[in-house]
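Order-wise, the sequence lines are chains G and P.
Counting from 1, position 554 in the first sequence corresponds to residue 554 in our numbering; the numbering is continuous, with no gaps.
Counting from 1, position 161 in the second sequence corresponds to residue 161 in our numbering; the numbering is continuous, with no gaps.
Be aware that a few hints might be false.
Selected chain P positions facing chain G (Cβ under 8 Å, derived; list incomplete) [as the list claims (entries may be wrong)]: (1) Tyr70; (2) Gly110; (3) Phe204.
Rough simulated footprint, nothing fancy, chain P against chain G, three-plus residues with beta-carbon under 8 Å [to be verified]: (4) 268-276; (5) 522-529.
A few chain P residues that face chain G, going by a derived Cβ cut-off under 10 Å, partial list only [claimed, not checked]: (6) Gly12; (7) Ser83; (8) Asn85; (9) Thr124; (10) Leu194; (11) Ile203.
These aren't lab readings, by the way, just hints derived from the structure by calculation.
Glycine included, every Cβ here is placed at the ideal spot set by N, Cα and C.
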Amino acid sequence: MPVLQNVSPNGLSKKLRSSPQCVVLVALLLGVSLLAVPGDVIAQVDGQVVYNQWCAGCHGEDGAGAGPAANTMLPRPRDFTLALYQVRTTSSGELPTDADMLKVINEGMPGTAMPGWEGVLTEAERLALVDYLKTFSRFFQGDPPTPLDFGRATSGGADAIARGEEVYQMVECWRCHGEQGRGDGESAPTLNDDTGFPIFAADLTENWRFNGGGEVGEIYRVLRTGLDGTPMPTFSDIVDAGVITDEDLWSLAHYVRSLSPEDEPEVREVVTAKLLTDTPLPQTVADVVWEGTERFYVPLSGQIVVQPRWFNPRVDAVWVQAVHDGRELALLVSWGDPSESPDTLWTDFGGQVVTTMGSEDEGAATGSGTADQLVVQFPQELYEGQERPYFLQGDTRRPAYTWTWQSDIAGAFESIARGMGTAARQPDSEQHVRATAQHADGEWKVLFVRPLDTEGAEDLALTAGQAVPMAFQAWDGDNGESGSQGAVSTWYFLVLGQPTPVAVYVAPPVALALTLLFGLLVVRQAQMGSGMWREPDAAARAKRAAKRRQLAGMAVGVIWLGMAFGSYQNSRAGWEAGYADLGFWWAIIGGLLAIAGLGALIGTWIHTRTSK
Amino acid sequence: MGALKSVFRLLGAPFRLINSVMGRFLNTPFRQATAVFLFACGLIEVGIPFIPPLFGMPSAPVPNTVVLEYLVIALVGILLWVSDNEERWSEFKQPIHDVLVRPDRRIARGALFVIVPALVAAQTYFSAQPDISAPPSFRAIHPAPPSAITFQGEQMVLDGLENPLRSTGLLEEHYEEGKRVYYQNCLACHGDGLQGRGHYAQIFNPQPINFQDVGTIAMLTESFVFWRIAKGGPGLPNEGTPWNSAMPAWEDFLTADEIWSVIIFLYEQTGHDPRTWEVEGEEH
């Protein structure tokens with residue numbers, strides 16, 4: 001071992017060698033020599049071995065991006081033989097720096113199948129991979145590329161975002177990314193990458209899925225360098241030509257960042273439906289109620305559990321909002337989808353997607369152009385314990401109850417399903433769910449409304465406060481999706497909000513009073529024990545008794561007035577709901593209570609005055 | 001020598017500071033007990049999550065019941081200490097007694113009368129709010145395997161079953177075949193790193209299994225793994241919550257040899273060894 005030879009203590013005296021100091025010295029020298037291990041010891045990690053073990057499954061042993069897993073992915077794995085790299089700090093058309101390549105290996109490519117390897121491979125292994133990847137193309141034999149100077153980020157803010165929006169219009173980002181950035185521009189259906197595969201224009205409202213990172217600096221870098229190998233161009237040239245300034249490009253990056261939420265949305269297991277007490281239930285997708293209603297993020301994956309599978313779902317998530325008014329539930333589901341399928345502009349693109357995925361599964365789609373579809377799924381009934389139907393539209397023992405909306409049929413319909421693709425529409429007399437849909441700027445919004453209790457024997461009744469399992473499935477027809485080939489979620493829960501229980505108002509004052517009483521007792525006991533307690537004399541006692549009576553009188557008055565107010569509200573609710581008799585009798589009770597309460601207050605007041 | 005002296009003086013400075021602070025502020029048993037209790041609260045509430053990383057294990061949030069239990073133990077310890085001799089006990093009680101009794105502590109007494117009931121009322125208010133949460137779900141991670149299954153229509157006895165590929169052909173070839181099967185079928189969920197972090201993984205609840213974890217395939221026999229792959233989520237017994245698992249029943253997609261080879265790939269790629277029947281026999 002060379003390391004040990006370095007510290008062979010030839011020059012040390014025999015005395016020192018056998019002493020404890022010697023051990024310390026050797027340990028120190030050993031430590032120093034370890035720090036000084038030359039780089040070539042680390043570089044003994046064989047990049048090819050690491051590559052073949054961990055990367056070749058997708059990128060292929062020859063580096064051409066056609067490993068066994070390649071056709072379950074779109075975008076396809078990188079073809080290293082072309083030396084075309086998306087994430088660079090160098091000019092468009094140039095090679096990436098070693099640091100650029102390491103960054104992608106470390107962090108992965110969000111929104112694609114490429115994971116980050118930082119926690120899986122050692123640093124030496126990752127560095128060795130960078131060197132090995134460069135051997136796939138002779139382009140790397142020349143001089144190393146020089147990174148661009150990105151200058152300093154401008155501060156964001158409303159002005160920068162407004163200017164960024166102007167630049168967005170001016171340099172025509174919308175041609176591919178669409179007016180609202182959802183990847184629905186007019187050129188979007190025509191896009192191919194440099195290897196001839198269909199490619200989507202990024203949905204700019206989901207920055208956590210951006211290739212190369214979703215923060216302002218990373219977006220700016222992509223604008224400067226382009227994403228080589230994809231249709232995303234560089235904008236350095238128009239900055240150099242003076243068409244826009246570098247600051248404009250930063251503003252554009254700020255604007256693009258502003259299209260996505262502040263933070264990557266969090267997945268929450270429970271979707272809550274707020275109880276609306278004084279606003280009517282929304283009947284359209286554009287109702288203002290939705291602006292103030294919480295949005296729940298439900299990510300979807302391709303259906304890869306039953307045949308035929310689908311590895312390239314277009315809908316990566318749906319947003320869910322829900323409200324109810326005690327009689328009906330309104331459920332709004334929104335998701336990004338560039339087209340209102342079937343849209344002839346997209347037919348060719350969808351066909352290319354299906355060909356590219358090349359599924360060998362039985363019954364796989366051979367073309368595209370069917371309708372968009374959304375299924376909201378519930379159990380047909382709530383089972384004891386935690387039992388639920390199988391998350392893919394139930395099973396033979398426990399059927400699922402579903403709402404299906406399709407872009408080519410008005411409204412929605414209810415079905416009972418006993419497994420993926422077995423949904424059987426309920427008879428017309430048993431249809432209770434209504435739906436309205438709207439497609440605008442690359443986004444579907446579908447509103448479902450259904451009575452909480454339909455009284456149908458085969459429908460799930462919804463009760464406030466009860467957690468009801470709920471799952472979602474979505475299909476983009478223009479992406480070649482139909483049947484079992486679509487996007488799915490596992491089970492979530494829907495909980496309908498309840499009116500605030502009385503206990504919320506009653507329990508705290510009671511607890512407060514009891515604690516106060518207990519405290520008073522403790523203090524009195526302590527003071528009596530220490531002789532600090534003075535027994536009050538007769539006059540003081542009488543004064544206190546009078547005070548107590550006064551307080552009691554006031555309290556009774558206030559409580560009666562409170563009850564009178566409650567009766568008034570009951571009465572009003574009764575009249576408004578059309579129950580005139582209820583309204584009348586509550587009004588009488590309320591009137592009597594109000595008189596009694598006022599009487600108690602006035603009586604107490606008069607009594608204390610006279611007793612003075 | 002003078003220099004050495006000043007070095008020692010400098011080294012002692014923080015201790016002198018602590019000492020003077022202790023002398024000035026922590027000079028009664030009540031204050032000392034309070035300080036120890038607050039310190040324990042901070043340590044238990046904030047400090048515990050830092051312990052697992054010291055041993056290279058992932059950190060996790062500490063359940064409230066555990067925090068509560070530790071706090072109770074700390075409190076009992078403190079009470080034992082203050083009450084272990086009569087003098088300290090009465091000294092400890094003195095400030096409490098003063099607040100309850102002495103006329104010049106009226107303001108403190110009044111403040112307690114406001115603060116304590118208000119806290120109790122607030123706590124009651126929040127705990128009386130309706131609870132909106134998912135019903136609790138319990139899930140057996142490694143449910144008991146059946147002794148025999150029907151695989152693609154044929155009876156297969158799992159008890160004592162070994163991976164047949166380990167006694168035929170070349171391990172290297174089985175590994176390569178298993179790798180192909182894995183990358184074409186398992187990758188999207190279980191991931192390239194075999195850590196259950198594929199690009200679809202975050203969609204599923206429960207999350208895909210992490211094969212690198214020592215608590216998964218490393219403690220299972222190959223026949224157990226075969227059963228789980230062949231029957232997937234739908235083949236789980238009820239305690240495994242089959243309705244949630246997105247694991248397909250791979251007997252619908254793969255041959256027995258493909259499953260056995262992917263099992264070889266899993267163990268080779270992670271470097272784990274399967275549990276063997278002999279070892280299990282010795283344990284009993």
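Hints versus structure:
About 26 Å separates the beta-carbon of Tyr70/P from the nearest beta-carbon of chain G, more than 8 Å, and the hint is not met. Given the 8 Å rule on beta carbons, the hint for Gly110/P is violated: about 11 Å separates it from the nearest Cβ of chain G. Restraint check, Phe204/P versus chain G: the minimum CB separation of about 5 Å is within 8 Å; hint holds. With 3 residues having a beta carbon nearer than 8 Å to a beta carbon of chain P, the segment 268-276 of chain G meets the requirement of three or more and the stated coverage holds.
By the rule of at least three residues with a Cβ nearer than 8 Å to a Cβ of chain P, the coverage given for the segment 522-529 of chain G holds, with 4 such residues. Hint status for Gly12/P relative to chain G: violated, with the closest Cβ pair at about 27 Å, above 10 Å. Proximity of Ser83/P to chain G is violated relative to the hint, the smallest CB-CB distance being about 18 Å (cut-off 10 Å). The restraint placing Asn85/P at the interface with chain G is violated, with a minimum CB-CB distance near 22 Å, outside the 10 Å limit.
Taken as an interface hint, Thr124/P checks out: its beta carbon lies about 4 Å from the nearest beta carbon of chain G, inside 10 Å. Hint status for Leu194/P relative to chain G: holds, with the closest Cβ pair at about 9 Å, below 10 Å. Residue-level restraint check for Ile203/P holds (minimum Cβ-Cβ distance to chain G is 4 Å; threshold 10 Å).
Of the hints listed earlier, those the structure fails to meet are numbers 1, 2, 6, 7 and 8, in rising order.
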